[in-house]
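> As given, the protein sequences belong to chains A and B, one line each in that order.
Under the UniProt record's numbering, the first residue of the first sequence carries the number 1, and numbering increases by one thereafter.
Under the UniProt record's numbering, the first residue of the second sequence carries the number 1, and numbering increases by one thereafter.
It is possible that some hints are incorrect.
[Claimed, not checked] Not the full set, but computed from the structure, chain A residues with beta-carbon under 8 Å of chain B:
no., residue
1, Thr90
2, Thr204
3, Gly205
4, Val258
5, Lys267
6, Asp410
7, Lys414
8, Ser418
9, Gln440
Worth flagging that the hints you see were computed from the coordinates, not collected in a lab.
By construction, the Cβ of each residue, glycine as well, lies at the ideal position given by its N, Cα and C atoms.
Okay, here's what each chain looks like letter by letter:
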Amino acid sequence: MTNKLLRRWAPGIAVAAAAALGLTACGSGGSGSDSGTDADAVTSALAKGGSITVWAWEPTLKQVVTDFQAKYPKVHVNLVNAGTGNDQYTALQNAVGAGKGVPDVAQIEYFALSQFALGKSVTDLSPYGAKDLAKTYSPGPWNAVNIDGGVYGLPMDSGPMALFYNKKVFDKYHLPVPTTWDQYLDDARKLHQADPKAYITSDTGDAGMTTSLIWQAGGKPYAIDGTKVSVGFDGDAGTAAFTKVWQPLISEHLLSPVVPWSDQWYKGLGDGTIATLATGAWMPANFTTGVKGASGDWRAAPLPQWKDGQHASAENGGSSLAVMKAGGNKALAYAFLQYAAQGAGVQARIKGGAFPATTADLDSQAFLDTAFPYFGGQQANKIFSQSAKDVLPGWSYLPYQVYANSIFNDTVGKAYVSGTTLTDGLKSWQDKSVDYGKQQGFNIG
Amino acid sequence: MAVISPPGIGKRSAPGLSPPGRAASRRHWAGWGFVSPFLIVFALVFLAPIGYSVYLSLYRSQLIGGTRFVGLDNYQQAFGDHEFWSGLGRVGLFLLVQVPVMLGVALLVALALDSGRLYGRSFFRISIFLPYAVPAVVASLMWGFMYGKRFGLVASINEHLHTSLPDPLAPGWVLASIGNIVTWEFVGYNMLIFYAALRVIPGSLYEAAEIDGAGQWRIIAAIKLPAIRGALVIATVFSIIGSFQLFNEPSILKSLAPNAITTYFTPNYYTYSLSFAGQQHNYAATVAIVMGLVTMVVAYAVQLRGMRKEV
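Extracted from the complex, chain B is given alone in its bound form:
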């Protein structure tokens, strides 16, 4: 996660041109005036909610006994909370399996589109991107119906082909089924990021490669992939954040598979359950903060690693 900070305008003036102290401070204030609309909105919509969550996480409200300050007790509880860690483990597994598959497919499609050998390029581009335009809730509902082992697509396949496919909504399969939905939704989106990055590679590089006698695979490995490394890293970071925030799909599918998807299936779903079913707003805030920190650390580590060799 890139931390964007406004450039320090006041300090940047060239040494020889720097005006006397009074003028400098006046200009300083004018700068704040220009920045303030942004800062006010930024404070209201970003800093205040985070600050409020931190504040909430230091208290505990009980049905009996009211609200009291508990310091870091909630954090201590979160670190020993089996349900929280099992949810985190689940999205971690999801991240390790689903994200590479999704990005791999997206990359393949982008390279195929970019190869210029594909007939009906814009048609494929649009149709692969189309699922991204379907809201996640609708997509989950749609797939939920298809997953139905009694009346859905799976049932029809089993009936007509005399197969016995496993129930996609059984506890052992439901995470994979969710992965399938998410892959379907986001392959097009990632494909578009990669494709856009591929299009800006100067044609002269390809011409040079051809003169040197490089084949297509060589061009991909030596030119295309290094050139879109930035796009790959960005897509990976987005996907990591998306995985850790998994919520819509399990929450919709829960109504179809109430026993396979627990109330702590993913960390986000867990905070939702804590807050809305258990009235444990304080603990929910704590879990959300811990989760935010974990996401930040992992995403930042991936970004550092991904960008290292580039400079």
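Chain A extracted, bound-state conformation:
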């Protein structure tokens, strides 16, 4: 179960067959290996060699490790898959608690990173020159690794959001591709009326998507200042904008009650009964592998806007690589981070189907010009890349978002299956998040 639920957070987990994406044509406009850190320790660590352990589940890292070891023969990287998402965090937290078996490097998703930073389990990378990398990464991921004035990981990939839509369905019913969420709601009504089996999208209550859309609407329900935390969905303008559209979608039964990543869901994406999907730019690889039959039907479009004429976006998913505080060889660990998240490793991962967080790659002409045969030859990276630039700054997740997301369906989920309103559901999510924060010793303001 956990795997399925977490897959949305794990961009690229199903990315194995990414050659089909045609991304192999990507050029080498990358940031190269001269990435501008002047920490001598890192260079000498590479020269000296040694062994590091990396915990990650992202499949494209395997190639990166192979390349890295080929380039630096004295270095041995032990790549361990300690579980996906939550499973790995549990293992990691246990290892940190026991003070034994802690890896040198760990893959940590953006929404979970502040939890580890706060627990002082991951290292601030500023001394290694990570502070100077602001321009290297797109704003969303960069913001996510900057916590309390420190840099606690290097962005490995990103998930700027886009709207994927089934063009065949939209053409059949002469629906306009929505540019605003109001129009989206309008399309939802028309579509479901024209074909009672078809829905604009499927949603059974998804914490990641809900927070991302509130983020895009300019909402800031979470405010974090060290150990001072506040949670406020009530009175948050972005949240109000979100519920104004999403409540009618739920109440008028315009959302397919199919659980994401289930077999029914893939089937629905393929047969046109789920007509759109607002999610991160890592989705195409999942389309090509999971919904083969609908090749050519789907297109990507910019995310609909909450206010007409705006250009706002948000991130959904994505991971960083972090250096563990209890790890042995930090300089060498950082050298690996540089290679994998900034140097030649980025290219290898793009070839594997991952969506980069590095601006150089996002802006490279070859990357932008890549045609996606699955999307009828559309140059979808142009949309994704623009979305990455439009991500609104200033968003933060809770330092215990992993837990908060786990109780999303207990609270907000009620709005999907009973008379509870979305606003009430969010309020009760807020209350429970506050309770947990208090129990965990946070200063809740």
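Since the structure of chain A is provided, determine the placement of chain B on it from the hints.
Positioned in the frame of chain A, the structure of chain B alone reads:
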């Protein structure tokens, strides 16, 4: 729950044969030597985990502030924990409804098999027992697909018979749906317990009953049921423990019905969520201990009540 204690070998020697003190103490030690392999394993796999859980339940770890001793605070929290009690209430309801239904069906089937009037007895016995051989996880997945209101069996029935069956995975129905899965899984198992007990009733009793002119119903009520009372009590106790420990079925179905099954749906699922999603190992240990005590009390009460008239 029967508490099995090793007989006190040292104290049991007949008065006249009892050897002098020194010899007695030597024999005492030899006894421990024989028992020790068992005791060591018993301590390691039973006592140590329970002891560790109790130890954990007296502390609290926080993201901010680390671990500290809190005495019985966790227990106090558990007694006022609405989510814990709602989970307990849910399995209590499950116990009151599902267990009688399951045991009733199992008993009926066992009596039918035992009546000797059933054609193809071994075939029925095997096929009813077969679901028990299916792992609970697989069974839940299988039923989960059948419950699907859009593509599953329910959808097909609705489509072909033009009915509108309620969604088995809706919040109001999901407990009943889980009860159905559990019943399907365990009827065969309980049937086998009852059937085995029925087979050992001496045939002479039936002959005597027949001579006295008793009918089949009379035989069941006066001979068969009293004779298998022990088996009935054991099956009930197992089922009570099983109900309180409900975990696999809700945890598998949660991926299909994320909003109907909460993270505190059953006490066991609650401890799992507390521990793995919330990192609240201490509180999870507390809930587990409280739940263990509740199970023990209820199971023991049922056993006492069930065995009372038998002696």
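> Was the hint right that lysine 414 of chain A lines chain B, CB cutoff 8 Å?
At 7 Å from the nearest chain B Cβ, lysine 414 of chain A passes the 8 Å test, so the hint holds.
> Mind checking the CB of glutamine 440 of chain A against every CB in chain B and telling me if the closest is under 8 Å?
Holds. Min distance 4 Å.
> Please verify that hint: serine 418 of chain A, Cβ, nearest Cβ of chain B, below 8 Å or not.
Where the cut-off is 8 Å and the nearest Cβ of chain B is about 7 Å from serine 418 of chain A, the hint holds.
> Please verify that hint: threonine 204 of chain A, Cβ, nearest Cβ of chain B, below 8 Å or not.
Because about 6 Å separates threonine 204 of chain A from the closest Cβ in chain B, which is inside the 8 Å limit, the hint holds.
> Just to be careful: measuring from the Cβ of valine 258 of chain A to every Cβ in chain B, is the smallest value less than 8 Å?
Holds: closest Cβ of chain B sits about 7 Å from valine 258 of chain A, inside 8 Å.
> For the hint on aspartate 410 of chain A, does the least C-beta distance to chain B fall short of 8 Å?
This hint holds: aspartate 410 of chain A lies near chain B, its Cβ roughly 4 Å from the closest one there, short of 8 Å.
> Restraint: threonine 90 of chain A near chain B, CB-CB cut 8 Å. Satisfied or not?
Holds: closest Cβ of chain B sits about 6 Å from threonine 90 of chain A, inside 8 Å.
> Measuring from the C-beta of lysine 267 of chain A to each C-beta in chain B, is the shortest one below 8 Å?
7 Å, holds
> When the nearest CB of chain B is found for glycine 205 of chain A, is that gap smaller than 8 Å?
Holds, because the Cβ-Cβ distance from glycine 205 of chain A to chain B comes to roughly 6 Å (cut-off 8 Å).
Every hint from the earlier list agrees with this structure, and none is contradicted.
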